[in-house]
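Visitor: Let the hints inform the model, and build the full structure from the sequences given.
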Amino acid sequence: MRTFDDFTVGEVTDFPPRTVSEEEIIAFAREYDPQPFHIDREAAAKTPYGGIIASGWHTAGLMMRMMVDNILEGSTSMGSPGIDELRWLRPVRPGDTLHLRGTVTAVKPSQSKPDRGVISTLYEMRNQNGEMVLTMRGKGMYGRRKPATADKPATADKTGA
0 MRTFDDFTVG EVTDFPPRTV SEEEIIAFAR EYDPQPFHID REAAAKTPYG GIIASGWHTA
60 GLMMRMMVDN ILEGSTSMGS PGIDELRWLR PVRPGDTLHL RGTVTAVKPS QSKPDRGVIS
120 TLYEMRNQNG EMVLTMRGKG MYGRRKPATA DKPATADKTG A
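Under numbering that gives the first Met the number 0, the residues of the sequence shown are numbered 0 to 160, in order.
Among the hints, a few may not be true.
The calculated lysine-lysine pairs, modelled on DSBU-like cross-linking and capped at a C-alpha distance of 35 Å, are [said to hold, decoys possible]: (1) K138 / K112; (2) K107 / K45; (3) K145 / K112; (4) K107 / K138.
Simulated restraints, written as ranges between beta carbons of each label pair [as the list claims (entries may be wrong)]: (5) M0 / K45: 23 to 33 Å; (6) P35 / Q110: 44 to 54 Å; (7) P33 / D83: 23 to 33 Å; (8) I82 / G49: 27 to 37 Å; (9) P33 / P113: 27 to 37 Å; (10) T96 / R40: 15 to 25 Å; (11) T46 / E72: 14 to 24 Å; (12) P146 / E30: 39 to 49 Å; (13) P113 / S79: 15 to 25 Å; (14) A44 / G9: 38 to 48 Å; (15) E41 / G81: 17 to 27 Å; (16) R17 / G81: 40 to 50 Å.
Everything labelled a hint here was simulated from the structure, so no lab data went into it. Think of the CB as a built atom: it goes at the ideal place given N, C-alpha and C, for glycine as much as any other residue.
Guide: Structure follows, in structure tokens:
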């Protein structure tokens with residue numbers, strides 16, 4: 000069981016890749032983001048994208064699934080207080096294989112609740128050509144193995160946050 004105490008600033012996690020199909024792009028978009036360039040091949044061909052592309056929210060959802068499958072399951076995750084930044088940098092197209100990397104940027108024990116802490120992570124998602132398609136700076140709250148004590152070192156923070 001991975002806890003707050005197991006994370007370190009600078010730690011890098013590479014997630015197993017995930018290939019996206021046209022069928023799943025269209026199915027997601029029909030339900031949640033039914034813009035023509037996500038759901039209609041003919042209309043999408045006439046846009047600046049030149050074809051079907053995934054909704055940015057679909058791409059973020061794929062990232063979330065990768066995080067759950069590879070970090071959050073089997074951990075003391077207590078959810079997230081939010082994200083600081085989410086950027087969609089390039090379209091995700093049918094057949095793209097997405098690679099996700101997470102780098103821990105800050106490890107902060109809670110000042111008010113000694114049974115938990117917050118991990119800040121920079122997530123970077125690239126396609127099979129190494130092109131960045133998404134970045135996100137997020138925070139995750141995790142339970143501790145045991146509550147912090149007064150002699151425990153304070154915060155480690157690489158970003159100054």
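Visitor: With reference to the structure, classify each hint as holding or not holding.
Guide: Against the structure, the hints:
This hinted pair checks out: K138 and K112 have alpha carbons roughly 16 Å apart, not beyond 35 Å. Distance hint between K107 and K45 is unfulfilled; the C-alpha atoms sit about 48 Å from each other, more than 35 Å. Between K145 and K112 the alpha-carbon distance is near 12 Å, which keeps this suggested pair within the 35 Å criterion. As the CA atoms of K107 and K138 are separated by approximately 10 Å, the hinted pair is consistent with the 35 Å bound.
Against the hinted window of 23 to 33 Å, the Cβ-Cβ separation of M0 and K45 comes to about 51 Å, which falls outside the hint. Between P35 and Q110 the Cβ separation comes to about 49 Å, which falls inside the hinted range of 44 to 54 Å. For the pair P33 and D83, the supplied restraint of 23 to 33 Å holds, since their beta-carbon distance comes to about 29 Å. Against the hinted window of 27 to 37 Å, the Cβ-Cβ separation of I82 and G49 comes to about 30 Å, which satisfies the hint.
A C-beta distance of roughly 46 Å is found between P33 and P113, which places it outside the suggested range of 27 to 37 Å. Checked against the hint of 15 to 25 Å, the pair T96 and R40 passes, with Cβ atoms roughly 21 Å apart. The hint said 14 to 24 Å for the Cβ distance between T46 and E72, and at roughly 37 Å that hint is violated. The hinted range of 39 to 49 Å is satisfied by P146 and E30, whose Cβ atoms lie roughly 43 Å apart.
Checking the proposed 15 to 25 Å range against P113 and S79 shows it holds: the Cβ atoms sit about 20 Å from each other. For A44 and G9, the Cβ-Cβ distance of about 44 Å falls inside the hinted range of 38 to 48 Å, so the restraint holds. Look at E41 against G81: about 39 Å separates their beta carbons, and that is not inside 17 to 27 Å. Against the hinted window of 40 to 50 Å, the Cβ-Cβ separation of R17 and G81 comes to about 24 Å, which falls outside the hint.
Going through the hint list in order, the structure does not satisfy hints 2, 5, 9, 11, 15, 16.
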